[in-house]
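Residue-level listing of the chains:
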Amino acid sequence: MSSSSFYGVELKSRLLLGTSRYPSPAILERAIKASGAEVVTVSLRRESGTGRAGQAFWSLIQSMGVRVLPNTAGCHSVKEAVTTAHMARELFDTPWIKLEVIGEADTLQPDVFGLVEAARILSEDGFEVFPYTTEDLVVAERLVEAGCRVLMPWGAPIGSARGLNNVYGLRSMRAHFPEIPLVVDAGLGVPSHAAAAMELGYDAVLLNTAVAEAGDPVEMARAFALGVEAGRAAYLAQPMEPRDMAVPSTPVIGKAALGD
Amino acid sequence: MRIFLNDDMHEVAPGTLAATLETLGFGGRKIATAVNGRFVAAPARPRTELADGDRIEVVAPMQGG
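Chains as they are written, first to last, in the UniProt record's numbering: chain A, 1 to 260; chain B, 1 to 65.
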């Protein structure tokens, strides 16, 4: 299966996995392995002088040899997101940043105005920005103008497990940006959602809660890997067009004449 | 002087960000810092003098989605 490229980094796996909300570090480790993900998302949070949780988590991620994509989760302003991105770049030693500027508390919908502004500031400062955005084409165009070379539209609100809320919009985005790597980020619940995104021609999917909060996160990670692979293979195999009326799959010619 | 580290108030001797972090148990740790909302890179900590009332943010790697 062909690889995908994000800011010049070739990846074989088209599944990017979040590291949050797992029942234990051991299950997180096994889920990452089962998913085959080469990129995991990470974050940063306050830590006390006596706390060691962050250091232990970082040791685990480092031991797995995966690439990290730090996020600016929880940031509601451009200033907050930009400062967080700078802290993340130093902490994780990567120019990659999953840029989130949250605009609405109930849906965690991106503040696309702040997102474009923050993307411009960070791109000019050498960051390689992965913007968490909507499927709005005008916003996407602005993000590309701001320097983004990857776009990450939501499937549905973060953690909602609703799948692809706007298939038409996502299909339009794929058609509109044939050269930009596109990742469906957020809202996926089951592997068929991931397969559907890949069948649209998306380059990858990013998910977290659907695996972490499954009854068996390790098995669900494996299932998502299979869903992503199936969807990608189907896209490359060029699915037939849907049609309104039935067409017999068994040839009619040569059928025995048994009726009146 | 009084400083606020991750919103907790501390009485510390006047000094640099690097020295204060060392005093408060962050020596050798994988952290990133900001003072009064502005990022302070690790190499700049030894030359960043703190002032009374400064608000310091100290963050570490954490799980994320």
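No wet-lab data here; the hints were simulated from the structure.
A few of these clues could be false.
To be verified - Below, in silico cross-link-like pairs of lysine to aspartate or glutamate (EDC-like), each with a Cα-Cα straight-line distance of 16 angstroms or less: (1) K30(B) with D93(A); (2) K79(A) with E29(A); (3) K33(A) with D244(A); (4) K30(B) with E90(A); (5) K79(A) with E38(A); (6) K79(A) with D111(A).
Said to hold, decoys possible - Residues of chain A clear of chain B, computed beta-carbon distances all greater than 12 angstroms: (7) S48; (8) S59; (9) E100; (10) G215; (11) L226.
By construction, the Cβ of each residue, glycine as well, lies at the ideal position given by its N, Cα and C atoms.
> Does the structure break any of the earlier hints, and which numbers would those be?
Replying inline: Those not satisfied are hints 2, 3, 5, 7, 8 and 9.
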